[in-house]
Amino acid sequence: MESLYLLLPLSVLLVLALIGVFGWAVNAGQFDDLDREGWRVLEENRSETAGTARTPFDPDQA
Amino acid sequence: MSFQRANVNPSMPFSAAAPGQVGNAELPEDDKAALGDSTRWFTDDAGVHVADSVFALQGMYCAACSGVIEAALQALPGVLQVEVNAASRRAKVRWNPVRVKLAQMFKAVEAAGYRAVPAQHEALRVARQRESRQALWRLFVAGFCMMQVMMLVAPAYVAAPGEIATDLEALLRWAAWVLSLPVLLFSAGPFFTGAWHALRQHRIGMDVPVALGIVITFVAGTAVTFDPTGPFGREVYLDSMTMFVTFLLAGRWLESRARARSTEALDDLLQRMPDSVERIDDAGRSETVLASRLRVGDRVRVALGQAFPGDGELIDGSTQIDEALLSGESRPVERRVGESVVGGTVNVGVPVLVRLSCVGEGTRYRQIVDLVQRALAERPQMLRTADRWAGPFLWGVLVMAALAAAAWSVIDPSRALWVAVSVLIVTCPCALSLAAPAALLSAAGALARCGVLVQRLDALETLARTDTACLDKTGTLTQDRLVLAHIGIHEGADRGAMLARAASLAALSHHPLSRALTQALPAPQGEWSAVREVAGQGIQARDAQGRLWQLGSPAWVGVQASAARPVVAFAQVSGRPEDTAIFEFDEALRADAGQALQQLHAQGVAVRLLSGDSQASVDAVARRLNISQAQGAATPEGKLGALSALQAEGHCVLMVGDGVNDGPVLARADVSFALAHGSALAQQRSDFIVLGSRLAEVPAARALAKRTVSVMRQNLLWALLYNAACVPLALAGLLPPWAAGAGMAVSSLAVVLNALRLSR
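Chain order of the listed sequences is U and D. Per this note's numbering, the first sequence starts with residue 1140, numbered consecutively. Per this note's numbering, the second sequence starts with residue 912, numbered consecutively.
Pulled out of the complex, with its shape left as it was, chain U reads as follows (with noise of 0.2 Å):
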């Protein structure tokens, strides 16, 4: 019983935290285009640097 007092604010935390990381995935632009990025699984693989654009990025937040 005792651990509740530890873990019921953890989770709260943890909570505030995930609102945090999904506020930082929304503003990054990742819900922007859904379509997209299904669309990657199909392509041919490119040179190395096609990881780099996997990752969203937005001149906003540059």
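Derived from the structure by calculation, the hints contain no laboratory data. Beta carbons are placed, not taken as given, at the ideal position from N, Cα and C, and that holds for glycine. Worth double-checking, as some hints may not be accurate.
As the list claims (entries may be wrong) - Per label pair, the in silico range of CB-to-CB distance: (1) U:TRP1178 with D:ALA1038: 25 to 35 Å; (2) D:PRO1139 with U:ALA1164: 44 to 54 Å; (3) D:LEU1110 with U:GLU1176: 40 to 50 Å; (4) U:TRP1178 with D:PRO1575: 56 to 66 Å; (5) D:SER1325 with U:GLN1169: 40 to 50 Å.
Stated by the list, open to error - These stretches of chain U come out as covered by chain D in the derived footprint (C-beta under 8 Å, 3 or more residues): (6) 1141–1154; (7) 1163–1174.
Unchecked claim - Anything over 10 Å on all C-beta distances counts as not near chain U; from chain D, calculated: (8) SER1325; (9) HIS1421; (10) SER1464; (11) VAL1470; (12) ARG1487; (13) ASP1530; (14) CYS1563; (15) GLY1574.
Using the hints provided, position chain D relative to the given structure of chain U.
Coordinates of chain D only, in the frame set by chain U:
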């Protein structure tokens, strides 16, 4: 990271790009500013100057295209990151200006079969995007916290008193309180700002009761959290608050998406013009310039999938053009060198060169956009009435909530607050206020897609009631040209030879009747000599055998003919009677005139012809189209009189005209349609404008108006039923606040989705 302005950055790509070195896409000096808007310059972590640019892509049709473009850009050295968004047709590129030139990137995209230009209006688009992201985030925060709060308060509902240790119970309450804070402070923000704006203007907006409900539940919840023995008892309020905020936000979010879809066609129309274009100078070099910098006489290359930046003339290349949004014609039309093109239409054939004859304000496209914006800015009568009633209604809601709280504090004090909050949330007239405009906008969007511009949203309602249609003849039922209707030829003559001879002679003349003749009869090359055209009479010439022939007015040729309709005679001068032919002409009916009238008949609309032309020609057209009531030789006053007489008989009159000559008559009619041809759009004052002059759009628009009115009725009925059912339930204490929030969200969503049916 540090930001540097483009003009202080020594490694600017423009100074490094020598003319000629980078081919046809180099940027002129004056477009630095244009790129500056779409590009950020900064030094990355490794100390390298890089740029983040946003390019607008043209020629993209599906999500699969974005992979091709990404690959093309990625292949360039110096391009660090590329991401193409298929939905917004934008490419975000991070690149190193020292290692790659802007022009190289444009060339790479072009080589892949697309076209990239620096994105304009980027600030506006980014702002809109930020708004939609924010809305999604708010919704997520509310939903996520709602679930957590529910978990944390669950023990309070199920546990018997004393079953949980007091301090653990307090900890659970505090945790729930902390998690409800983001909902109150962040997610519910729009309701508070909305309510605040309304109150500052001494109005009472729809957000006021909702904001009040949120504040009341939160205050009560806070009091319970920190003092469970206080006046609010041991009830839990915070779960209700997070729940109805979530439902309201979900409703709004879905609703805004649905609304965006219903006005897609209108938005598409308003944002047709390209941002920047490829101009070809006198020396044949090309440069990318802003569309706003174009001047009359400029030569512009228009790539595949790009819109023409202004009205002009094709000077190189024949192509197909998609004029759907300007004319409603869904099939691409063929255009050859020398023919004119209209700004805003899309080139779907091959890249062409255009000389601009009109740019900016004067173009047909601008006029259309102005008309649409004027119509959208106007608030329909129905909405103005609704606005007048909204104030008293909302005051009524507040008073009712207060009375309910007072009554319940006598009956059962523990539920008083609950009931008041439920009443505040459930009576929000969102669905009621959306019922009419959602349907009207959706219908206007659907009509715009068929090339019918709605000028007065109110007119849609009236159009559904019309029972009589008055049509003008010239320019409405008929076209401006004539068609060959009858050939009179002497019995004993060689028919084929005579017709061929007449047609080949007619081919030498530019008179409208000669043109109609050659259009009807294929004209072989004739061997004519000594050709002489007599103005107002006809044309004469000698054939290979030296015989003199005349083609022209019967009197001049010397042939007897009736004067019921336009006639041309053809004869050999002082020849035999067999060498005589008479051609009679009719006005050309619009191809879809018969079909349109039939549909109007089928809809139960009485059709009348009202024209200023001679009674004989009006009767002729009426006979061909089976119109029983035709009035010819009507002066403008006569037309007005006829219209007023019909209206006095109780008819709701729909008038269709060409919009130029019958302005007053169109204004007098209950609903007016103008078939717009040419460039007189700006003077149009009719309720509907049919671009591309297809008459069949009139019955189609009427059918849609009928559906719109029925959807509006359904919406209003639904909204009223919802309020009528839920308010008593809330007053009776049978509706908890979370159910009130869900009900309100569902009811406004139902209204918008119902309206969306119209745009299909």
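Comparing the hints with the structure gives:
1. U:TRP1178 with D:ALA1038: 25 to 35 Å: Holds - the Cβ-Cβ distance for TRP1178 (chain U) and ALA1038 (chain D), about 28 Å, lies within 25 to 35 Å.
2. D:PRO1139 with U:ALA1164: 44 to 54 Å: The hint (44 to 54 Å, Cβ to Cβ) is violated, given that PRO1139 (chain D) and ALA1164 (chain U) are roughly 38 Å apart.
3. D:LEU1110 with U:GLU1176: 40 to 50 Å: holds (44 Å)
4. U:TRP1178 with D:PRO1575: 56 to 66 Å: holds (57 Å)
5. D:SER1325 with U:GLN1169: 40 to 50 Å: holds (46 Å)
6. 1141–1154: holds (count 7)
7. 1163–1174: Result for this restraint: holds, n = 7.
8. SER1325: SER1325 (chain D) clear of chain U: closest Cβ-Cβ about 27 Å, beyond 10 Å.
9. HIS1421: Consistent with the label, HIS1421 (chain D) stays out of reach of chain U, its closest Cβ about 55 Å off (over 10 Å).
10. SER1464: Holds, since 67 Å exceeds 10 Å.
11. VAL1470: Given that every Cβ of chain U is farther than 10 Å from that of VAL1470 (chain D), nearest at about 71 Å, it holds.
12. ARG1487: Given a closest Cβ separation of 77 Å, the condition holds.
13. ASP1530: Nearest chain U Cβ is 59 Å from ASP1530 (chain D), so the label holds.
14. CYS1563: holds (47 Å)
15. GLY1574: The claim holds: GLY1574 (chain D) sits with its nearest Cβ about 47 Å from chain U, beyond 10 Å.
Against the hints set out earlier in the document, a violation occurs for number 2 only.
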